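Please model the complete structure; the sequences and the hints are all you need to start from.
2 protein chains.
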Amino acid sequence: MESKVLDGLMRPKSIAIIGASTDPTKIGYTVVNNIIKGGYEGSIYPVNPKADEILGLKSYKSLQEIPGEVDAAVITVPSKFVLEVVDEAGKKGVKGLIIITSGFGEVGNKELEATVVAKAHEYGMRILGPNIVGTLSNSEKLNASFAPLLPLPGKGALVSQSGALLIAMDMATFTRRVGFEKLISIGNMSDVDFADLVEWLDKDETTSCITLYIEGIKDGRKFMNAAKKATKPVIALKAGVSAHGAAAAASHTGSLAGAAKVYGAAFQQAGVVQATDLGNLFDLSLALSLQPPMKGDNLVIITNGGGVGVLATDAAERFDLPLKFAPKDVQEELKKHMPVFGSAKNPVDLTGMAGYDWYHDSTKFVFSHDWADGLVVLYCETAMTEPMEIAQGIKKALDESGMLGKKPVTVSFVGGDKSEKAMQWLVENEIPAYGAPDLAVHAISALREYDRMKEIISEPEETITTANKEIALKAIKAARDDGRDSLTEIEAKQVFSAYGLPVTTTYLAKSEEDAIKLAKEIGFPIVMKIVSPDILHKSDAGGVKVNIKDEAGCRDAYKTILTNAKAYKADANIHGVAIQEMAPWGTEVILGSVNDSTFGPTMMFGLGGIFVEVLKDVTFRVAPVSKKSALRMISEIRGAPILAGVRGEAPRDRVKLSETISSYAQMIVDLSEEISESDANPVLVYEEGKGLKVADARIILKKK
Amino acid sequence: MESKVLDGLMRPKSIAIIGASTDPTKIGYTVVNNIIKGGYEGSIYPVNPKADEILGLKSYKSLQEIPGEVDAAVITVPSKFVLEVVDEAGKKGVKGLIIITSGFGEVGNKELEATVVAKAHEYGMRILGPNIVGTLSNSEKLNASFAPLLPLPGKGALVSQSGALLIAMDMATFTRRVGFEKLISIGNMSDVDFADLVEWLDKDETTSCITLYIEGIKDGRKFMNAAKKATKPVIALKAGVSAHGAAAAASHTGSLAGAAKVYGAAFQQAGVVQATDLGNLFDLSLALSLQPPMKGDNLVIITNGGGVGVLATDAAERFDLPLKFAPKDVQEELKKHMPVFGSAKNPVDLTGMAGYDWYHDSTKFVFSHDWADGLVVLYCETAMTEPMEIAQGIKKALDESGMLGKKPVTVSFVGGDKSEKAMQWLVENEIPAYGAPDLAVHAISALREYDRMKEIISEPEETITTANKEIALKAIKAARDDGRDSLTEIEAKQVFSAYGLPVTTTYLAKSEEDAIKLAKEIGFPIVMKIVSPDILHKSDAGGVKVNIKDEAGCRDAYKTILTNAKAYKADANIHGVAIQEMAPWGTEVILGSVNDSTFGPTMMFGLGGIFVEVLKDVTFRVAPVSKKSALRMISEIRGAPILAGVRGEAPRDRVKLSETISSYAQMIVDLSEEISESDANPVLVYEEGKGLKVADARIILKKK
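From first to last, the protein sequence lines stand for chains V and E. For reference, each letter of the first sequence is one residue, going 1 to 704 in this note's numbering. For reference, each letter of the second sequence is one residue, going 1 to 704 in this note's numbering.
Keep in mind that the hints were calculated from the coordinates and are not lab data. Computed from a prediction, not measured in an experiment: that's the story for all the values here. Careful, some of the hints might be misleading.
One copy or two, it doesn't matter: identical chains are merged, so the pair holds either way.
What the hints assert, rightly or not - Simulated pairs of lysine-lysine, DSS-like, Cα-Cα distance not exceeding 25 angstroms: (1) K418 x K26; (2) K324 x K469; (3) K406 x K58; (4) K418 x K141; (5) K261 x K616; (6) K37 x K418; (7) K203 x K295; (8) K549 x K703; (9) K324 x K261.
Take a look at the structure:
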């Protein structure tokens, strides 16, 4: 559905409150009272079958009785009456429903919730909720919620999946001096979800930045698409990323794919800036709602004190924006605006003597200079200088530079009440200001990170065309027909092969003679492995023999493998023995996938062996994955230099590896209805131009 | 010098201000004014040759004129007069000098500074400064500084190496609601340094916690000893840890030993809690000044909202205190104090309906229960409950539990003004309270970390007795006599060997015949390497041949190595060729050392090869290192499971490895006057009970 449809819900010209009450202990009273107090200028229609007047407003017995049009209806009646109310609202032509009432999906009442949504959709109505606090907008002067007051005005919108937190954050906007234009409680997301709101808020003129408090997204792909398309910054704080209670997994990849990693990958791919905690959510909302992205890495820090300058320099390195010295000409000009013992390098240290003029002149010069991509101005309160004057000097310089809105600036004042007031003034004048230098640096680093992500998203995506889905499905069907939900290595390699992954040649031998014949066809040396759907850990079962050099060895191995397998599991269903090309040694990597419950097919890449097992040095991407993204995966693991070539070794074939990752990702997208988890492990990567080989393969199917 | 000597300086009964002034623009005026305003109850003696009265106080022409005793003198006269003043003060019998005056070591005037200190010491006086803001104490009602006012009262002391930051933090105590008992500006540390103050503050009854803002420590060992002995928590924020401008190093270990890592190791070994940033410095000071250490890992979180509970759970994992479910009996009792849809697991979710009673009852029960080692109480402000009532319920429960002071508690309220006021009340009642759940968890995790470190420090240290320092010094002397500041591999191995490190047997062959003879003595296969002080990178020069199996091979290798060496560097001074036992393959690790300019001899340990080169997976300890500490080094690197045995491999000989680390550490302590940097790389570690071998050795000497 189009975002336009949400206008009636989010920006109503008239609003009805179903369940409006004269009893101050009822939410139906609070909501009417809040709408009045907020100063809403549209029509307000309390609806209550028993009342004539509520809080000085005419009350209506039913929706039908209301004379004019009703854009939005706030529903506060108990859950058992909601379906009836929705039907009435539909008949009245209401556009959107704000269902505050709880007692739906969150307590297991999913059927009622679905019925309510279906009914609303019959009439083309959208639902916010149920189980929400409501929605608040400063520009609409509308507090359609039971949160006590409209938030401190700001330019961003905050959407929260926790109602309690929304109320607390509403009140905290005043103590933290970080305002919001809108607060939206999203509750059960029975209909309108994060994606819908991102899409709508992106078009809303009163919103400059979209902040989300997320506990869990239902449709990860829809969310990613909406966030990717958004032209405004999207910030997310994802709660619930600890391992506390994570489920067991059947594959290597599955065991490594925690919520933190998959959400992290999805946010990055969708250009969503991730907040680290509640304070950071406010801090980033302030910066991203007021300042433009930072389009290069040249950060300049201006300070009046060594201490805060050093702390900011440390923070810049920590937040991936290490300082560089300014060019000579910049240094020379800056030298004019500080005493001889100041420093014009970076941080630019104006010394504790710096007042209005020096702050003004150096800020104006630096912010105007092409070399600077972003600026952090620090002030450490002294007994000799007035914080408000410094703030005014900074602001005037920024205005005069003509660069406000073109590159970002953040400020930090460390001090007492006077500094607090100066920072408040700066924020009111749209300059983000923070009480500690690292916070100002963290905020500007988020503006840089946002630009980097958007840059990557704008890259064209290439497509993979070598797939043969039918062959893959045939191999899967064979396992399904056999009543299995995992593929044998041979079947898994057939699937991989159908997507162009360079697997080692592998045949199934059902007898010793078979084995000899196939071994000769492949050519010695070979590898032999047990093929049994009941033996997943082949090595543990003594079911793997490598480097078999001749016919005698092959016969020997065949017997030993079968004997071992039977000893390991007497009733194992044994398909035979895989006869396999022995791939030459190469750098071991692992490719793998999970079918994430939120984001669907998701790729993992890492170095193999102990790197994955011990160091867990892996990276994720929601599939599909372009070749460029795959190259980025290859370069972002800690062990990346190993593939680039260390200790005199030749670089590995990263181009072919990136193509393989991309093809693998295409495979898990195409077969997302079938594949639950998979691993290609190890994959042996050779020198540049020499490609790679998938030596082992595992596919776990979705349970059907 | 004993800490007692500082009493006169830090807790003076009378104070003189040399350079006191009637001119309000002078520091000499400000200091007198501040001392009066602060309410100081001792005698105040302004000293000024020209004035009779300053700010209503009788002024003295000179120190000698003052009738009574003078404990401390604040010096604000220009630097050129300071030496004279110090002499006068000594004659007067002043105990301590607070030298605010700048223009000493910080601008290169080190000689003057040293002269002043020597003069003061002649009279047994101690110096705080020069180049400081002064010192402030709430319990003494003494603001002997030019910072505008005494800080908000608190229980901790803050010592700052940055004067500007001290003033700003002074003012920020009020806006952040984190008070301090004392603020001490330490400046150039010409005499009194961090160690002296830690020692003195540890005995000071009005101080419960010692917080340090450090830019650089002069004598790292002295600091560590003072911090180790302290019975009160010491917190440090170390500024200046970014790589920006780090120097080049001659060894592997040198290149890995940045300020962040060596300071981090030293803090950990000394039991110093490290603050991450300025906000964290305040947050930790609050918690560690008010609450006892957390003596176990069982953290319980009580909350009224899922949102903040989930954020706190994530934070607990991030800060190394992952939540466990409470035992059944605890859960059953808790169930009595919450609605049916609450949760008694952990976090304990009382739901948004929770008011005074539920908070009181559950807090009292949990905090009294033996299972809980620490408690975090969260409150998310609602429209239905009163923050101050909740705060009072929590405080009453804690009092009634009888466990306050025995285990720690922190609190977080998320909300507006009412929550701020409730938190302020809690802090006034000695319960640390924070505006976000992760901050409360971070604070309590620091109390846990503090206990863990103190536990380790209390372990007895064993000593190593196998060293033969004379042999080591002889090998070093050989190199020195040769005009070199690096040892050849053979010399380095002699040094290592003298400290019991199991080096591969290595002899120097000066001719082909020599080589054959020595090879036979060692037994084939052997390794041969060029020995030349001019060729440090032997492999690059084609100067290494391994796995030489017989006499012919040995002759061949001898010739090839010499030819290659000459081709590599025609004028290289070649000592000969090392004939060396070929150590069997083992797990490669690296041991190494730097002689840190602050902390002296410092050990490094890590896995070898790509682990150290690419992943930089190494850990540091200031030497000496006990065997237990060495075992901890072995277990704390990310690759630790590799030594513990992965993928079916036997565990490596970690006991012998820990002994070797410990001996190595002893060696660099004993030879700290000689050794600048060193590496044992690779060291091959074998299966348990089979020891290890140092295959290559490098020692760089201190330049003399």
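Hint check:
1. With identical chains, the CA atoms of K418 and K26 are at most 25 angstroms apart between copies only, with a shortest distance of 22 angstroms across copies and 43 angstroms within one.
2. Neither within a single protomer nor between protomers do K324 and K469 lie at most 25 angstroms apart by alpha-carbon distance, with minima of 51 angstroms and 46 angstroms respectively.
3. Taking CA atoms no more than 25 angstroms apart as the test, K406 paired with K58 passes in neither setting, with 51 angstroms inside one copy and 61 angstroms between copies.
4. Within a single copy, K418 and K141 get their C-alpha atoms only as close as 31 angstroms, which misses the 25 angstroms cut-off; across copies the closest is 24 angstroms, which meets it.
5. When the C-alpha separation of K261 and K616 is checked against a cutoff of 25 angstroms, the pair qualifies both within a copy, at 12 angstroms, and between copies, at 23 angstroms.
6. For a Cα distance limit of 25 angstroms, the shortest separation of K37 from K418 across copies, 20 angstroms, qualifies, whereas the shortest one inside one copy, 32 angstroms, does not.
7. In this homomeric assembly, K203 and K295 come within 25 angstroms of each other (Cα to Cα) only inside a single copy, at 23 angstroms, whereas the closest approach across copies is 54 angstroms.
8. When the C-alpha separation of K549 and K703 is checked against a cutoff of 25 angstroms, the pair qualifies neither within a copy, at 41 angstroms, nor between copies, at 59 angstroms.
9. In this assembly of identical chains, K324 and K261 lie within 25 angstroms of each other by CA distance solely across copies; the values are 22 angstroms between and 31 angstroms within a copy.
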